[in-house]
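Peer 1: Sequence:
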Amino acid sequence: MRNPLTLVRAVPLREWPSVWAAAVIAATVEVGLRVARLPRLAAWLGAPLGLEQESPLMPAGGATARLSATERRRLRATWRVLRHWPFGDTCLRRALVGGHVLRRRKPVLRVGVAKIEGRIQAHAWLEIDGVSLDPVGAATYRTFEAMGGTR
Numbered sequence: 001m002r003n004p005l006t007l008v009r010a011v012p013l014r015e016w017p018s019v020w021a022a023a024v025i026a027a028t029v030e031v032g033l034r035v036a037r038l039p040r041l042a043a044w045l046g047a048p049l050g051l052e053q054e055s056p057l058m059p060a061g062g063a064t065a066r067l068s069a070t071e072r073r074r075l076r077a078t079w080r081v082l083r084h085w086p087f088g089d090t091c092l093r094r095a096l097v098g099g100h101v102l103r104r105r106k107p108v109l110r111v112g113v114a115k116i117e118g119r120i121q122a123h124a125w126l127e128i129d130g131v132s133l134d135p136v137g138a139a140t141y142r143t144f145e146a147m148g149g150t151r
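Note that the numbering used here has the sequence shown beginning at 1, numbered continuously upward.
Among the hints, erroneous ones may be present.
Said to hold, decoys possible - Label-pair ranges, simulated between beta-carbon atoms: (1) Ala43 with Glu117: 31 to 39 Å; (2) Gly118 with Trp20: 40 to 48 Å; (3) Glu117 with Ala27: 28 to 36 Å; (4) Arg119 with Arg66: 28 to 36 Å; (5) Glu117 with Arg14: 14 to 22 Å; (6) Thr140 with Trp79: 34 to 42 Å; (7) Gly88 with Glu117: 18 to 26 Å; (8) Ser68 with Ile116: 17 to 25 Å; (9) Lys115 with Arg14: 42 to 50 Å; (10) Ser68 with Ala27: 21 to 29 Å; (11) Glu30 with Arg72: 19 to 27 Å; (12) Cys91 with Thr70: 22 to 30 Å; (13) Ala69 with Gly118: 37 to 45 Å; (14) Trp44 with Asp129: 29 to 37 Å.
Hint data in this document are derived by calculation from the structure and do not stem from the laboratory.
By construction, the Cβ of each residue, glycine as well, lies at the ideal position given by its N, Cα and C atoms.
Kindly produce the complete structure, drawing on both the sequences and the hints.
Peer 2: Here it is as structure tokens:
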């Protein structure tokens, strides 16, 4: 585990409210991961699990450009908190906390799998208006619904 004092020293004063909010959301997500099913938790956080067939993804450059400065600052705070999170910095935690931070934009949580170096791996990411906030993940991993027709 990283030293929590590193987090304290690295955060500019104007970002502390976003960091505290992200920590509270992360704690809520941590409890939710233990007591609720993922579809219910994701919907409650404001980023429902998207299992429908995906639409074609737009170029990733437009995705981050469409986030406001406040949204980008809140996402930075989320990543900063989760880098030091004692329960791990997983893509699912990032997507759930980030989904709550961006809930006014109506994000969709995507979960996919891929075979990488002979091992099955899972990944979670967010989409807003059909644009993946993680274009590498969206291109590499196939969502569960997309896999449903291939046996």
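Peer 1: None of the hints should be skipped; say for each whether it holds.
Peer 2: Now for the hints, and whether the structure bears them out:
| no. | hint | result |
| --- | --- | --- |
| 1 | Ala43 with Glu117: 31 to 39 Å | holds, 33 Å |
| 2 | Gly118 with Trp20: 40 to 48 Å | holds, 42 Å |
| 3 | Glu117 with Ala27: 28 to 36 Å | holds, 34 Å |
| 4 | Arg119 with Arg66: 28 to 36 Å | holds, 34 Å |
| 5 | Glu117 with Arg14: 14 to 22 Å | violated, 42 Å |
| 6 | Thr140 with Trp79: 34 to 42 Å | violated, 20 Å |
| 7 | Gly88 with Glu117: 18 to 26 Å | holds, 21 Å |
| 8 | Ser68 with Ile116: 17 to 25 Å | violated, 34 Å |
| 9 | Lys115 with Arg14: 42 to 50 Å | holds, 44 Å |
| 10 | Ser68 with Ala27: 21 to 29 Å | holds, 25 Å |
| 11 | Glu30 with Arg72: 19 to 27 Å | holds, 24 Å |
| 12 | Cys91 with Thr70: 22 to 30 Å | holds, 23 Å |
| 13 | Ala69 with Gly118: 37 to 45 Å | holds, 42 Å |
| 14 | Trp44 with Asp129: 29 to 37 Å | violated, 21 Å |
Hints 5, 6, 8, 14, counting from the list given before, are not met by this structure.
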